[in-house]
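2 protein chains.
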Amino acid sequence: MQVVLDYLKKHQARFVAELCDYLRFPSVSAQPQHKKDLQACAAWLVNHARHIGLDARLCPTAGHPIVIAKTKRAKGSRKPHFMIYGHYDVQPPEPLDLWKSPPFTPRIQGRSIYARGSTDNKGQNFAHFKAVEAYLKTGTPLPCDLTFVIEGEEEVGSANLAKFLKTHRRELACDAVVVSDTGMPSPKHPSLTYSLRGIIAFEITLHGPSRDLHSGGFGGAVENPAMALARLLAQIRDANGRVTIPGFYDDVAPLSAFERRQFAHFPMKDRDLEKLLGVEKLFGERGFTPTEQRSARPTFEINGLTSGYQGHGSKTIVPAWARAKITCRLVPRQRPARIRKVVCDYITKICPPTVRLEIEAGHGAEAHLVSPQSREAQAALRALRSAFGCQPILLREGGSIPIVNDFKKILHADSLLLGLGLPDDNAHSPNEKFNLDCFAKGQAMSAHLWQELSRRS
Amino acid sequence: MQVVLDYLKKHQARFVAELCDYLRFPSVSAQPQHKKDLQACAAWLVNHARHIGLDARLCPTAGHPIVIAKTKRAKGSRKPHFMIYGHYDVQPPEPLDLWKSPPFTPRIQGRSIYARGSTDNKGQNFAHFKAVEAYLKTGTPLPCDLTFVIEGEEEVGSANLAKFLKTHRRELACDAVVVSDTGMPSPKHPSLTYSLRGIIAFEITLHGPSRDLHSGGFGGAVENPAMALARLLAQIRDANGRVTIPGFYDDVAPLSAFERRQFAHFPMKDRDLEKLLGVEKLFGERGFTPTEQRSARPTFEINGLTSGYQGHGSKTIVPAWARAKITCRLVPRQRPARIRKVVCDYITKICPPTVRLEIEAGHGAEAHLVSPQSREAQAALRALRSAFGCQPILLREGGSIPIVNDFKKILHADSLLLGLGLPDDNAHSPNEKFNLDCFAKGQAMSAHLWQELSRRS
Chain E
-18 MQVVLDYLKK
-8 HQARFVAELC
2 DYLRFPSVSA
12 QPQHKKDLQA
22 CAAWLVNHAR
32 HIGLDARLCP
42 TAGHPIVIAK
52 TKRAKGSRKP
62 HFMIYGHYDV
72 QPPEPLDLWK
82 SPPFTPRIQG
92 RSIYARGSTD
102 NKGQNFAHFK
112 AVEAYLKTGT
122 PLPCDLTFVI
132 EGEEEVGSAN
142 LAKFLKTHRR
152 ELACDAVVVS
162 DTGMPSPKHP
172 SLTYSLRGII
182 AFEITLHGPS
192 RDLHSGGFGG
202 AVENPAMALA
212 RLLAQIRDAN
222 GRVTIPGFYD
232 DVAPLSAFER
242 RQFAHFPMKD
252 RDLEKLLGVE
262 KLFGERGFTP
272 TEQRSARPTF
282 EINGLTSGYQ
292 GHGSKTIVPA
302 WARAKITCRL
312 VPRQRPARIR
322 KVVCDYITKI
332 CPPTVRLEIE
342 AGHGAEAHLV
352 SPQSREAQAA
362 LRALRSAFGC
372 QPILLREGGS
382 IPIVNDFKKI
392 LHADSLLLGL
402 GLPDDNAHSP
412 NEKFNLDCFA
422 KGQAMSAHLW
432 QELSRRS
Chain R
-18 MQVVLDYLKK
-8 HQARFVAELC
2 DYLRFPSVSA
12 QPQHKKDLQA
22 CAAWLVNHAR
32 HIGLDARLCP
42 TAGHPIVIAK
52 TKRAKGSRKP
62 HFMIYGHYDV
72 QPPEPLDLWK
82 SPPFTPRIQG
92 RSIYARGSTD
102 NKGQNFAHFK
112 AVEAYLKTGT
122 PLPCDLTFVI
132 EGEEEVGSAN
142 LAKFLKTHRR
152 ELACDAVVVS
162 DTGMPSPKHP
172 SLTYSLRGII
182 AFEITLHGPS
192 RDLHSGGFGG
202 AVENPAMALA
212 RLLAQIRDAN
222 GRVTIPGFYD
232 DVAPLSAFER
242 RQFAHFPMKD
252 RDLEKLLGVE
262 KLFGERGFTP
272 TEQRSARPTF
282 EINGLTSGYQ
292 GHGSKTIVPA
302 WARAKITCRL
312 VPRQRPARIR
322 KVVCDYITKI
332 CPPTVRLEIE
342 AGHGAEAHLV
352 SPQSREAQAA
362 LRALRSAFGC
372 QPILLREGGS
382 IPIVNDFKKI
392 LHADSLLLGL
402 GLPDDNAHSP
412 NEKFNLDCFA
422 KGQAMSAHLW
432 QELSRRS
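For the record, the sequence lines run as chains E and R.
Using our numbering, the first residue of the first sequence is number -18, and each one after it goes up by one.
Using our numbering, the first residue of the second sequence is number -18, and each one after it goes up by one.
Honestly, the hints are just simulated from the structure, not real lab data.
The reader is advised that the hints may include incorrect statements.
Pairs involving identical chains hold if they fit within one copy or between any two copies, as the list cannot separate such chains.
[Said to hold, decoys possible] Taking lysine to aspartate or glutamate pairs in the EDC-like style, the calculated list, with each CA pair at most 20 Å apart, reads:
1. K256 / D18
2. K296 / D405
3. K296 / E184
4. K81 / D251
The structure displayed is predicted, hence computed values, not measured ones.
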């Protein structure tokens, strides 16, 4: 085992250079013009996996391809089998003018590497590749079989993954799925995330006149769709941060005393969070701490507003339409289909007759919860302790990784969420970065993990 | 006077051919590549005015030149003096693919002439030139002195006109300004527009976190600026279409019974307006008809909304900021500075402490009102009746023509708005046209107008 850790230590510089190559692909899954870049990125990853010594292949889907990379199997192997899930697609880099260096030209400053996709998720899945490389290149036997599944549609809802899992159910049958796509509060608080929030996404468009109208000639006699939208949205959240949609909180389990104690261990002070986010004061649902609000409570969040004229100066129009992009975060026991229904019903009910309402449904996913007392969770906590040299903590996270529900439903496997991101990594924001110590310690954690998970005790 | 009208009748075919020459210049003031075309168009107009018998010259400005054309003055003339204002610049013709014939190749079909600038404003100002030609070429003495001021920057905000008026204050001192740049509801409803709305423009931006945040990681513990904006805007207009800002309506004079009767003469039915705008149902301030709402009542109009992600699909962020572009239409007696203050004060008051408010002020202009009982207005109504052979109507229009305020402030002259455009003339749209009957009757109206305005009674 020491030879594996030594190999990792020795080759860090090369690993970082290789990660830079990986990050140079503008693999933005949401933007059709990048289709070829996703193809190229996936092909690069297959090639890299083969070079390490894995059996790798590109699997086409109805959308962007999936990369499969497996350790070579002894015939009739009865070793445990673990799957490592990650994604090579990234969020759109916009707004570009806020980046200090181009998003797809990796820049290293101090112990950070800046690029779109560095922490979410290329840097994190690449750490696992490097751990496996260390085993294979040093001839150290792996105590388990491993399969990487690295997809290209995580940032747009993983539309084709479930079907792929079903079709490859036998090949991918495994004892657990390891996912490094979450975070830890600091390098001194390596974390196992045992719960995630779910999500529903949708778009509301209010249609008014058949075209933008001259606001001088017609303004005052016709509904302004942007004002109708503001008035509609304003009725959905109150001044105490509570969502006012009837039935929205019906299935939310109250937080237990154990969980509220875990939350209290979270090392970030409110003032630190305010500083991190750049706000004067935090704001959220009354009666809950900020840590609880952002990981264990559901939300109704406006992700974008679009209407009328957006250029310089003014244009005197009544816009033809106004649109809001919305996501709701969900917590365990809230069913996405039911929440989508209560939300849409309410919006339909409060929408004024002066505009025509159009709701376009987006993706949805249930929240996730695994017991922190399970054998796999305990093994993961030991691997974290060995790699980071300190006591790991148990986290609930506010984000959503919808596919962990598919792993459970289709592969009957629990997911171990061992995130390597830091709170200031700017995932989904300009100047996204990944910490190189997290990268290195993540590789060591991965190396330990296969030993810990494979222990027969 | 009959000889003047006979001359006009006799030469219509030539006038139309000359108008075609005027329309062939692509004098698009917004597009720098047309700078020379504006110069050429202005030079053509100077030449044409001289040919008619006017003293004409080209006056350079910091932008496009202004054409001045004056009737020859007897030394020490004590005749009344009227100014005719118009513009030779036109809107951009784009989108070109929607034109049925090229925008700068005039096409006559039925009683309409199709070309960019035909109704707005070349055809309308050319009608006045032709009326004056009829006086001069028939040797009929004009009862007044006339000065044409035809500018080249109306479609881009008349940036250099106010300075020009100030510099030429003595030369341009006059008893009234005649402007044919508005419209009439139909050729059977020749109109005097006796009021226009004013305007204030501004932008509200609510700043939240220092960058777009991952809505999974942080959503719920931090204010969403788009939601804060929706909640703020929703407090500004109620379900009855009334602006709720304290003091907003303070200076608005109630509509008199006389005015409401005038409005009732407006020939467009609600159903026709709904069809024209493409809405199921009109909506506006309760207690007023649509005609009143869009011309005689102030508004708070959202012209544009911008926040967060606007591309395809979804992006799970809490936006860093949210912005609304706003214009308020004002009515006579509402002072732009005061309304700007009450609006900004109210927004500042209701803005929640969870976001930082930024207000950027834009342009402002007072509303315009001349008494329909004034001597000049009555003279204009008589001229309309003589030329069109039917009872003219009194209009209030909802748009703003800021330069009429400059005529008032700088030249101390009221403006008579005698528009020759029709509602389906497609001003600012593809397939702009001008009705040749309006052209001919507009010439007759102009010929009558100088007699009526100059009557000493």
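Against the structure, the hints:
1. K256 / D18: neither (36 Å within a copy, 47 Å between copies)
2. K296 / D405: between (38 Å within a copy, 19 Å between copies)
3. K296 / E184: between (25 Å within a copy, 11 Å between copies)
4. K81 / D251: This pair counts as neither: shortest intra-copy Cα distance 28 Å, inter-copy 55 Å.
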